[in-house]
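We have chain L; now place chains P, V and G with the ligands onto it with these hints.
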Amino acid sequence: MPKLNMVQAINLALKEEMERDGSVIVMGEDVGRDGGVFRVTEGLLEKFGTERVMDTPLSESGIVGTAIGMAAYGLRPVAEIQFMGFIYPALDQIFSHAARLRSRSRGRYTCPLVVRTPYGAGIRAPEIHSESTEALFCHMPGIKVVVPSTPSTAKGLLKSAIRDPDPVVFLESTRVYRQIKEDVTDEEYTIPLGKARIAKEGKEVTLVAWGSMLHRCLKAAEGMDAEVIDLMTLSPFDEETLYRSARKTGRVVVVHEAPKTCGVGAEISASLAEEAMLYLKAPIMRVTGYDAVIPLPKLEDYYMPDVNRIKRSIDEVMKY
Amino acid sequence: MPKLNMVQAINLALKEEMERDGSVIVMGEDVGRDGGVFRVTEGLLEKFGTERVMDTPLSESGIVGTAIGMAAYGLRPVAEIQFMGFIYPALDQIFSHAARLRSRSRGRYTCPLVVRTPYGAGIRAPEIHSESTEALFCHMPGIKVVVPSTPSTAKGLLKSAIRDPDPVVFLESTRVYRQIKEDVTDEEYTIPLGKARIAKEGKEVTLVAWGSMLHRCLKAAEGMDAEVIDLMTLSPFDEETLYRSARKTGRVVVVHEAPKTCGVGAEISASLAEEAMLYLKAPIMRVTGYDAVIPLPKLEDYYMPDVNRIKRSIDEVMKY
Amino acid sequence: MPEKTIESCNITRLDILSETGEADEALMPPLSEEQIRKIYALLVLCRTFDHRALNLQREGRIGTYASILGQEASQVGSAFALEKSDWAFPSFREMGVYIAIGYPPYMLFQYWSGDERGLRTPDDLNIFPVSIPVGTHIPHASGAAMAAKYRKDKVAAVAYFGDGGTSKGDFHEALNFAGVFKAPAVFICQNNQWAISLPRERQTAAKTLAQKAVAYGFEGIQVDGNDVFAVYKATKNALDKAKNGEGPTLIECYTYRMSDHTTADDASRYRKKEEIEEWKARDPILRLELFMERKGILSDEYKKKVEDEAKQKVDDAVKTAESVEHPHPADMITFTYEKPTPRQKKEMRDF
Amino acid sequence: MPEKTIESCNITRLDILSETGEADEALMPPLSEEQIRKIYALLVLCRTFDHRALNLQREGRIGTYASILGQEASQVGSAFALEKSDWAFPSFREMGVYIAIGYPPYMLFQYWSGDERGLRTPDDLNIFPVSIPVGTHIPHASGAAMAAKYRKDKVAAVAYFGDGGTSKGDFHEALNFAGVFKAPAVFICQNNQWAISLPRERQTAAKTLAQKAVAYGFEGIQVDGNDVFAVYKATKNALDKAKNGEGPTLIECYTYRMSDHTTADDASRYRKKEEIEEWKARDPILRLELFMERKGILSDEYKKKVEDEAKQKVDDAVKTAESVEHPHPADMITFTYEKPTPRQKKEMRDF
Ligand SMILES: Cc1ncc(C[n+]2csc(CCOP(=O)(O)OP(=O)(O)O)c2C)c(N)n1
Ligand SMILES: Cc1ncc(C[n+]2csc(CCOP(=O)(O)OP(=O)(O)O)c2C)c(N)n1
Ligand SMILES: [Mg+2]
Ligand SMILES: [Mg+2]
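Chains as they are written, first to last, in our numbering: chain L, 1 to 320; chain P, 1001 to 1320; chain V, 2001 to 2351; chain G, 3001 to 3351.
Just chain L, same shape as in the assembly:
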């Protein structure tokens, strides 16, 4: 089996889905000739032509807005926003239209749209190139939010997202893009949305993470009886798996790189506080980015939760 990094795995997923279904098209800034600034769409233009791989004007609301029209018409657009920091101008289209088209038209029109975008810090990028605002999209009924943490899950999840009849915001960690290589089969497989993955089994504490933070959790969990959950789909998230694990371990630490306040960690913690509190032995801890604008490269490393900060919180909950 070929060893692929996440960029290659996502590229493969796109290729397979475009071959399978002529209604799948790719659009965005520099996704064609240039193959995308991270090379995720490399080779697609050559293979599928400019009709299916569209280099668009510099226009995020226009990209998502036109993609909504295409999706309603019957296509399955996969729109790329070059960095998550540039998705905000398209937020109105995502929230006011993509998320609501099905409900507003009582099912007559649907929006099978995937908005792919690289997210997160950790690659010494310029300002506004390190955003991790998944929480905003998890507060939008009608939108699904997916964040893969590995090449093989990225491939299976993206294929499911493309086939999903509803709009999906698909977040790709720039840090993970070329960090890991693993076996990724080019055989047909998908990973269902809405289901989490136990990345490591354990009995004493549950770590919950997604995307790039999963790997730091696994590192922090080394040598202890910790269970690590890769949430994969943040909205709707897999409550069952989460509660089952929490009931088993009685201790939970949630980790994400977004700022703490109103991050997705809050929802996970609150859900536990509502549904599983009686089983909990310790407070639910959150290890997150600070309530601050993500700093430029010189301070980036201080901003992101690292293995030590995660370990400290684990030690904290293990005290109970």
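Don't read these hints as lab results, they were simulated from the structure. The model shown is predicted, which means the values in this text are computed figures rather than measured ones. Mixed in with the good hints there might be a few duds.
[Said to hold, decoys possible] Anything over 12 Å on all C-beta distances counts as not near chain L; from chain V, calculated: (1) Ser2008; (2) Asp2015; (3) Pro2030; (4) Arg2052; (5) Asp2123; (6) Leu2125; (7) Ile2196; (8) Glu2246; (9) Lys2272; (10) Asp2315.
[Said to hold, decoys possible] List of simulated lysine-lysine pairs, DSS-like, C-alpha gap at most 27 Å: (11) G:Lys3207 to V:Lys2241; (12) L:Lys47 to G:Lys3182; (13) G:Lys3182 to P:Lys1047; (14) L:Lys159 to L:Lys200; (15) G:Lys3313 to G:Lys3272; (16) G:Lys3182 to G:Lys3243; (17) P:Lys1248 to G:Lys3154; (18) L:Lys319 to P:Lys1281; (19) G:Lys3004 to V:Lys2243; (20) V:Lys2339 to L:Lys195; (21) L:Lys3 to L:Lys159; (22) G:Lys3280 to V:Lys2004; (23) V:Lys2346 to P:Lys1319; (24) P:Lys1298 to P:Lys1281.
All C-beta atoms in this analysis are idealised placements derived from N, C-alpha and C, irrespective of residue type, glycine included.
This is chains P, V and G with the ligands only, laid out in the frame that chain L set:
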């Protein structure tokens, strides 16, 4: 003392601040000649002229974007977004610029901007006129979020927001606008941002709410020993007052009309689960809107948390 | 001198039917007597519907409503040029477009009474649910047009929006996409001179809205929006052009909002009665009636017949709308996704 | 016939200095020999800075950097027309503007090395931190201009953005506001023919970018962006016009991005070498040198002196930039609000 409703109280706050400080200007769609679709800015154009009360083109990003430039130049713009459902096109300006101008320029430039907007359901309004997405703005470091629940607090809070050196999103409940009248002095007073208010003292359970939901909580709390906290400022929120009350009562119910998932209730619950869990006798319950697009008038009442739903959750936590 | 002109553009205006009912034969589009009768009946139906909607709102039987009084020709004239396979993307003030393409009027009453089911477009029509956020639906038309082009369907997408809508970033991005991808799209601006209380000249410093097309490298034209023949002709030409792969067109229908912005508005706060009086003389239906009389195709009994039929249709629509059963509360959750989430399933137990 | 023209517009292009260094005396702006020397020195300083930045990036001493090679005249020529009291709103590719108005070069290196402190504009300058999100800063210029007008300050606000920036909704909303409020704003588009891999003709179907001003009812003009005199003159005229209350202007500087988009980009993937070669002949500095030689104000020793001074300044800047102490981690929190929140105070204990 004159009895004023919230529309009149906010109008008075604007008038007082504009008289006090020539750098305060009001801008937005229909805020001038028309006095605002809810009449909140009524009479300001006549009193202060078109230079200080600007009817703008239909252009939310333009309204906030130009207001940021004005604020940096030295004015104190109070920009109105006609309904919260139309703030999303301006979200990029609020989040990428207003929220970051101070940190990006390391304090050289600041953004003393207030973005006022009517929010919430309950007045049989058309689609997208009943949004309650305060949570999005609470996840934006650099932004403050204020939601008054009464005429007199609205006046004091808005005056503080206008004088605040940083950008404030100020949410006004359309439902409360004309629902209550109370004594509002036209004497000078302000209410500090970041502090909550105990609307009702109690010992057995803590209800946390803001804006229109506060009144339903007070109703639900009638005849029981419940403490009701009016959060007033959602970001940064008054953790101290919240924890103190939770430690006292050991039971907390958070109420908001926004959808449950990743709403502000999640943050409040998660903060308690982290900081006060050991004092809690019962799970932390959230009574919220459903994870769905806010329906049109015919179903609106089923969507919003009502006194009975709040009571049911109180009974639930009182079981412990 | 090397300060040379490198680009010139002219914005034209099309007028065919005068206020006194005279049509410029040279410009008159090829419409049969029957078609003209059809157009007339639609105009009357629209006005009857609109009038009733305003009454129903006053009686508290529907919610806030946005009247189309005065804009009937802009809406019917353009919609009449559409083929069944074309896609329309209306704003909230396009009831005339819905009616002209055959959308069941009762569903429109249903929508305005606060019931989403009224927006469930019948399967044989291609019209989007109204867009409440101004201008934000224009990119959808560009996208649908791009999709039609990709599918090689002979289909055009038409977006309707107001003068205020032209100030939105989405207007700009949508028209720019349509220009770049030479999409079969037609952008119809209903310039009714007002955006709630903001007069047209404060909406933009541009002399015309049609000239905004210059920014996107395609044609913009202004038409007398109260002249149903001019509106029809400009739209028909634009649609043909679009379907022949010649790209998009921006049409500014120069018309007037005779009513308050909505039933929640009081226009007397910001505009003069005189202005409204002036525009009364330019009424689009009156004008067509004068034309038909000249042509001898408008007898009193025919006129009465048309009005009675319209009244009957609207009466029936109201009856049907008010007889549909109340929506089920769970409906508000059911249509969020194809399948409800686990949390939504739990939530639905409340009902 | 009543299909009449109701609006016409012409877009002009200004050229003064030819590639061979001949200036059109009739159009030549009134610049003293000393001013021309100053401009020349600035152009050389910009190129020296840019060249060094590219080297530093290769050596890993700064992060991703966006080169201004080829655009020096567009940036220096326009910035040279600014008065100290005017406000500038640059994009990330405006190092030439910063340098021309006297921003300390070491702070620019500091910023590109990933240190926010490099963006703390000195108190005596009025330039905004670079805008990374393309086009989103243009409304700030409109707003500052509106504020200046309200304050009755004789101040103009200038926004810089690229060809790609013209496709953003914020470009549209910003220029429309400026037009409606007749704000003293100047919008300078650096049309360098590329937006990363997207060629200008795919960015918009409009023949020129200058003509986009037609949509907002004010003047748009195209200038040869490699002609420092044309750029200076157009900007000076626009600034005077703005300060005289005659409203905004859009200036399209027709230039070329000689380098890759940024150091993270490889332009050979999407554009031909030939194109770059063609533009080499139009080099803005070469052109000015030829002009100065003709005028006999460019001796070899003077040239050398200018280059040495530039090199010295850049050397010093690098030294200073690399000698500043590492920022304190708490800084990332300190500047969020005037005062840290209780939660932030807790967070700062981590450092
Ligand atoms: C994005 C957005 N902002 C504000 C509003 C509130 N609003 C509803 S209609 C309207 C004016 C629209 O004017 P125009 O586009 O000319 O259409 P018209 O109402 O005249 O048909 C406004 C400001 C809205 N619906 N959407
Ligand atoms: C809103 C936004 N979208 C995407 C990007 C990524 N990006 C950075 S520069 C650039 C191209 C900009 O082209 P142009 O406006 O012509 O400026 P130039 O780089 O040519 O100076 C893109 C797409 C961004 N910075 N901001
Ligand atoms: Mg209008
Ligand atoms: Mg460019």
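Hint by hint, here is what the structure shows:
| no. | hint | verdict |
| --- | --- | --- |
| 1 | Ser2008 | 24 Å, holds |
| 2 | Asp2015 | 33 Å, holds |
| 3 | Pro2030 | 31 Å, holds |
| 4 | Arg2052 | 24 Å, holds |
| 5 | Asp2123 | 7 Å, violated |
| 6 | Leu2125 | 9 Å, violated |
| 7 | Ile2196 | 19 Å, holds |
| 8 | Glu2246 | 18 Å, holds |
| 9 | Lys2272 | 35 Å, holds |
| 10 | Asp2315 | 25 Å, holds |
| 11 | G:Lys3207 to V:Lys2241 | 20 Å, holds |
| 12 | L:Lys47 to G:Lys3182 | 50 Å, violated |
| 13 | G:Lys3182 to P:Lys1047 | 23 Å, holds |
| 14 | L:Lys159 to L:Lys200 | 24 Å, holds |
| 15 | G:Lys3313 to G:Lys3272 | 35 Å, violated |
| 16 | G:Lys3182 to G:Lys3243 | 11 Å, holds |
| 17 | P:Lys1248 to G:Lys3154 | 60 Å, violated |
| 18 | L:Lys319 to P:Lys1281 | 20 Å, holds |
| 19 | G:Lys3004 to V:Lys2243 | 26 Å, holds |
| 20 | V:Lys2339 to L:Lys195 | 15 Å, holds |
| 21 | L:Lys3 to L:Lys159 | 19 Å, holds |
| 22 | G:Lys3280 to V:Lys2004 | 24 Å, holds |
| 23 | V:Lys2346 to P:Lys1319 | 21 Å, holds |
| 24 | P:Lys1298 to P:Lys1281 | 39 Å, violated |
When each numbered hint is compared with the structure, violations occur for hints 5, 6, 12, 15, 17, 24.
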